[in-house]
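Participant: Please put together the full structure from these sequences, using the hints given.
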Amino acid sequence: MTFGRLGRRVIEANFQGGAISSDGGVMLLRQLDRRLGLSKAVARALSDPRDPDRITHPLQDLIAQRLYGLWCGYEDLNDHDRLRHDPLLQTAVGKVTELASSPTLSRLETRASRADLVALNRVLIEPFIASQPRAPRELILDIDASDVPLHGDQELTQFHGYYDHYCYLPLYVFCGQALLTCLLRPSRIDGAKPSAAVIKRLVTRLRQAWPTVRIIVRGDSGFCRQRLLRGCERHDDGYVIGVARNARLHKAVAAWEDELKAAFAETGLKQRSIHEFRYAADAWNIERRLITRLEFGAQGTNPRVVVTNLDFPADALYDRLYCPRGEADPFDGIEWERKPRRGEPQGGGEHNRIKEAQLDLFGTRASCHRFLANGLRLMFAALAYTLMQRLRELALAGTELARATAATIRVRLLKIGASVLRNTRRVRILLASHHPQRETFLIAVRALAP
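Read in order, the letters of the sequence shown are residues 1 to 450 in full-length UniProt numbering.
No lab work stands behind these hints, which were simulated from the structure alone. Because the structure is a prediction, the values reported are computed rather than measured. Please note: incorrect hints may appear among the correct ones.
Straight-line alpha carbon distances no greater than 27 Å define the calculated BS3-like cross-link-like pairs of lysine-lysine that follow [what the hints assert, rightly or not]: (1) Lys40 to Lys95; (2) Lys251 to Lys270; (3) Lys415 to Lys355; (4) Lys415 to Lys40; (5) Lys193 to Lys355; (6) Lys200 to Lys415; (7) Lys415 to Lys95; (8) Lys251 to Lys261.
So the derived label-pair ranges between C-beta atoms look like this [as the list claims (entries may be wrong)]: (9) Thr56 to Asn285: 57 to 67 Å; (10) Ala316 to Trp284: 47 to 57 Å; (11) Asp81 to Trp284: 50 to 60 Å; (12) Thr301 to Val118: 37 to 47 Å; (13) Ala263 to Asn285: 48 to 58 Å; (14) Glu138 to Thr301: 25 to 35 Å.
Beta carbons are placed, not taken as given, at the ideal position from N, Cα and C, and that holds for glycine.
Facilitator: Have a look at this one:
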């Protein structure tokens, strides 16, 4: 290949550089994975029907190869037909020979069973439990759903009116930035199904680890279901969940809205207030505490309503607990009285986490025909997200990448040119001398040292 001239010099290039990799940072993933034991735990959880005497690529190697490939930006299995020869990816997986081909990885996905997906969801919560240095006093679980667009003839393909396309409807549960559950569902179902069972399973496991922890469930109005509310009350869990507006609720808050409207007409300034009242929907067995945040401005009224079984002040509960969904770290009730710091996130944070898992780590890549195979692909994206989240906590704390997204970390820390020299005694990895994140890379290596 020729690229013109530089003065009197002709610029030429070819693909004959030899054992050179563009993913020098993959060794950080190897160190992190060995420390967490994630690939090993996933391999133990998955069933493997292959004949042990004829296995060339152990299940743990297949898992590591797939997760590291996702992390480095290779979402397609076809990419591994060349990546299997990459000496650095081989070293990260723990081999000095060719890695698995794309058909071998494809068979891993297509033989997925429902029991495999259930087992992997059990694995997903364990890194979070192990990451806590001491028993937390309080945990806040954020539950939300998103869409995975479909463009083929996949199993259980259904049209969703809200998203206006054919899709799946995965369910996610986060605690802070940690992903605890990732469940693929068909789209033509109640968006809250089976949230009550998922929360019950998570609470059971968390209380096995920390019997006295207080757990609070947060979610939008799509999860305001009698079964979930009663489940939280039965197990002494707190909840603060959005409530969809209806005619009865509008009538209950009409007087307060009229006051705001009159104040806006008098001052010309946007008005805001928070109130609480008791309410029972037709499907509820008891009256529950509702908190409404009302606003009136030039564009009219903008009401929000949440239901809760917590007894904290209404304004603190709405502004300091419900609004920062998915973004704030777990905190104790005494912190709810403080004012938010400048620049502190104020809401919608769980959508950022879902975007990282779906877009940066290819959680929307549902191109398999089988529904369960696509569920396994979604789980691989969730496990890759767990690696990324733990990398930020363990290796990048205090650096400029401590709050970076997965895509930014990939570009700035993993995509490092590296030459690999191997002999019978050692593997030498020669990273690019002038890489701008050299100091950050060294900090991460020291943090992840055995």
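Participant: Would you mind marking each hint as holding or not holding in the structure?
Facilitator: Going down the list of hints, with the structure as the test:
1. Between lysine 40 and lysine 95, the direct Cα distance comes to roughly 15 Å. Compliance with the 27 Å bound is thereby established for this hinted pair.
2. The straight-line distance between the Cα atoms of lysine 251 and lysine 270 is roughly 22 Å, inside the 27 Å bound, and the hint therefore holds.
3. Of the pairs offered as hints, the one joining lysine 415 and lysine 355 holds, with about 21 Å between alpha carbons and a cut-off of 27 Å not exceeded.
4. A threshold of 27 Å between alpha carbons decides the hint, and for lysine 415 with lysine 40 the separation of about 25 Å falls inside it, so the pair holds.
5. The hinted pair formed by lysine 193 and lysine 355 meets the criterion: a straight-line CA distance of about 21 Å does not exceed 27 Å.
6. Restraint check for lysine 200 and lysine 415: the C-alpha separation of about 41 Å exceeds 27 Å, so the hint is violated.
7. At roughly 21 Å between alpha-carbon atoms, lysine 415 and lysine 95 fall within 27 Å of each other, so this suggested pair holds.
8. Simply put, lysine 251 and lysine 261 have alpha-carbon atoms about 15 Å apart, close enough for the 27 Å limit, and the pair holds.
9. Separation of threonine 56 from asparagine 285 is about 58 Å and conforms to the stated range, judged on CB atoms against 57 to 67 Å.
10. At roughly 25 Å, the beta-carbon separation of alanine 316 and tryptophan 284 lies outside the given 47 to 57 Å, and the hint is violated.
11. Checking the proposed 50 to 60 Å range against aspartate 81 and tryptophan 284 shows it holds: the Cβ atoms sit about 56 Å from each other.
12. At roughly 45 Å, the beta-carbon separation of threonine 301 and valine 118 lies within the given 37 to 47 Å, and the hint holds.
13. About 38 Å separates the C-beta atoms of alanine 263 and asparagine 285, a value inconsistent with the hinted range of 48 to 58 Å.
14. Separated by about 34 Å at the C-beta atoms, glutamate 138 and threonine 301 satisfy the suggested range of 25 to 35 Å.
In summary, the structure is inconsistent with hints 6, 10, 13 from the numbered list given earlier, while agreeing with the others.
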